[in-house]
Amino acid sequence: MLIKFTFASGAALMLTATPAMAQATFDEDGITIGDDDTNVNIGGRIHLDGVSVSDDVTPFRDRVDLRRFRVDATVTVAEDFRFKVDADIAGTSTGFRNVWASYSGIDNVIIKAGNFIAPVAGENMMSSNNIKLMERSLASTLAPSFLLGGAVTYRGSNWSATGGYFFDPIEQNPLRPADVGESIAARFVVAPIRERKEVLHFAVGLENRDLDPGSVSRVSARPEFGLDGTTLTRTGSLTGVDSYTNYNVEAAYMNGPFLVKGNYIVRDNSAPTLGDPNFNGGSVEAAWVITGERQRYGMTNGTFGAIRPRGDLGAVEVAARYSFLDLNDALVTGGEEQNWSVGVNWYITRNVRVMGNYVHAKTTPGRNGLRESVDAVMTRFQIAF
Numbered sequence: 029m030l031i032k033f034t035f036a037s038g039a040a041l042m043l044t045a046t047p048a049m050a051q052a053t054f055d056e057d058g059i060t061i062g063d064d065d066t067n068v069n070i071g072g073r074i075h076l077d078g079v080s081v082s083d084d085v086t087p088f089r090d091r092v093d094l095r096r097f098r099v100d101a102t103v104t105v106a107e108d109f110r111f112k113v114d115a116d117i118a119g120t121s122t123g124f125r126n127v128w129a130s131y132s133g134i135d136n137v138i139i140k141a142g143n144f145i146a147p148v149a150g151e152n153m154m155s156s157n158n159i160k161l162m163e164r165s166l167a168s169t170l171a172p173s174f175l176l177g178g179a180v181t182y183r184g185s186n187w188s189a190t191g192g193y194f195f196d197p198i199e200q201n202p203l204r205p206a207d208v209g210e211s212i213a214a215r216f217v218v219a220p221i222r223e224r225k226e227v228l229h230f231a232v233g234l235e236n237r238d239l240d241p242g243s244v245s246r247v248s249a250r251p252e253f254g255l256d257g258t259t260l261t262r263t264g265s266l267t268g269v270d271s272y273t274n275y276n277v278e279a280a281y282m283n284g285p286f287l288v289k290g291n292y293i294v295r296d297n298s299a300p301t302l303g304d305p306n307f308n309g310g311s312v313e314a315a316w317v318i319t320g321e322r323q324r325y326g327m328t329n330g331t332f333g334a335i336r337p338r339g340d341l342g343a344v345e346v347a348a349r350y351s352f353l354d355l356n357d358a359l360v361t362g363g364e365e366q367n368w369s370v371g372v373n374w375y376i377t378r379n380v381r382v383m384g385n386y387v388h389a390k391t392t393p394g395r396n397g398l399r400e401s402v403d404a405v406m407t408r409f410q411i412a413f
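Here my numbering is used: position 346 in the sequence shown is 374, and no number is missing along the way.
For the record, the hints were derived by calculation from the structure and aren't laboratory data.
Check each hint, because a few of them may be wrong.
Said to hold, decoys possible - For each label pair, taking beta carbons as the anchor points, the in silico distance ranges come out as:
| no. | residue 1 | residue 2 | range |
| --- | --- | --- | --- |
| 1 | D403 | T377 | 27 to 35 Å |
| 2 | G133 | F216 | 19 to 27 Å |
| 3 | A141 | L76 | 29 to 37 Å |
| 4 | D90 | L228 | 16 to 24 Å |
| 5 | T120 | Q366 | 20 to 28 Å |
| 6 | V312 | T258 | 23 to 31 Å |
| 7 | L359 | D65 | 53 to 61 Å |
| 8 | G268 | I411 | 42 to 50 Å |
By construction, the Cβ of each residue, glycine as well, lies at the ideal position given by its N, Cα and C atoms.
I would like the entire structure built from these sequences, with the hints used as guidance.
Put into structure tokens, the structure is as follows:
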């Protein structure tokens, strides 16, 4: 709780440090208070989901509920210093997410410290506001998410490299801690083609995590619909894992409104009592904005951004994905799963999106040793600013 209190207090101090007579604006980027030298931006996101499931052996519930309700504050000082705090206050999980400070006063360099997504897989680093389907792929569960640490990024004209050292996230279930330890993480991105309307992207990422003595490791994945915490693939608590290394490779091609991308990730576990199991997963995804708006790309992280509708009726995008996850190896039987997903996105404005998804999930077999098929239809109403 001490870390949480310290970061929350820091956020309050940042907000109260804004000049009393500063100008305030409210637009597509949220509420901005301040001037060119110092400003505070306040934003948030609301993801309201509905899910209807045709289950098989494992029971799932039909639900309408908040997937995320997040608020955030970002402070910029003299363009070079940034401080960010955000937290989920409702939804399938709550607590702090991004809590970090960064400095970009050195040419082409960004220094960052705090709680943020470790730089390994682009899918995990991409904002949930911008993902093409309502949930990330099965394979994303193998890559790290939020961790507490520090990283340095160097950016060239068509490449970037990031490396960092990380500990445990500031939000961890105290009753069921897992993967407690320390990580070295790195990501290298290159874009041989990087034009406004055309991008060819390649990236590799790596994380080596040493676990504390007595710590357990867990891997599980929801079947790409997120309101129900039920899983079809899950290792349970693995004891005897000394360390593991994640290797991630990805590629993408963007041309105007078209985007196709894929990734493959392997986890190599050092766990002699379990037979040193290897887990792996991957995905291939395609999207097309049928109203013609272009896809957007950011070089620093090597991720794709939000669609900006041009017409009065907004922008419409269709997307499809195949993904898989294999948690069966050596003495571990966490299950194998394949998912096929299709979706449509209606970007009513830059801040409002309506999503519809269909997911077919199939285990061969799942964590329970049984083969089963699950179908789900989902919708989302999203507000983000």
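Hint-by-hint comparison with the structure:
1. The hinted window of 27 to 35 Å between D403 and T377 holds, with their beta carbons roughly 31 Å apart.
2. Distance hint check for G133 and F216: the Cβ-Cβ separation is about 23 Å, which falls inside the suggested range of 19 to 27 Å.
3. Between A141 and L76 the beta carbon distance is about 34 Å. The supplied range of 29 to 37 Å therefore holds.
4. Separation of D90 from L228 is about 42 Å and departs from the stated range, judged on CB atoms against 16 to 24 Å.
5. Checked against the hint of 20 to 28 Å, the C-beta distance between T120 and Q366 comes to roughly 23 Å, which is consistent with it.
6. A hinted range of 23 to 31 Å for the beta carbons of V312 and T258 is consistent with their spacing of about 25 Å.
7. A hinted range of 53 to 61 Å for the beta carbons of L359 and D65 is consistent with their spacing of about 59 Å.
8. In this structure the hint that G268 and I411 lie 42 to 50 Å apart at CB holds, the actual value being about 45 Å.
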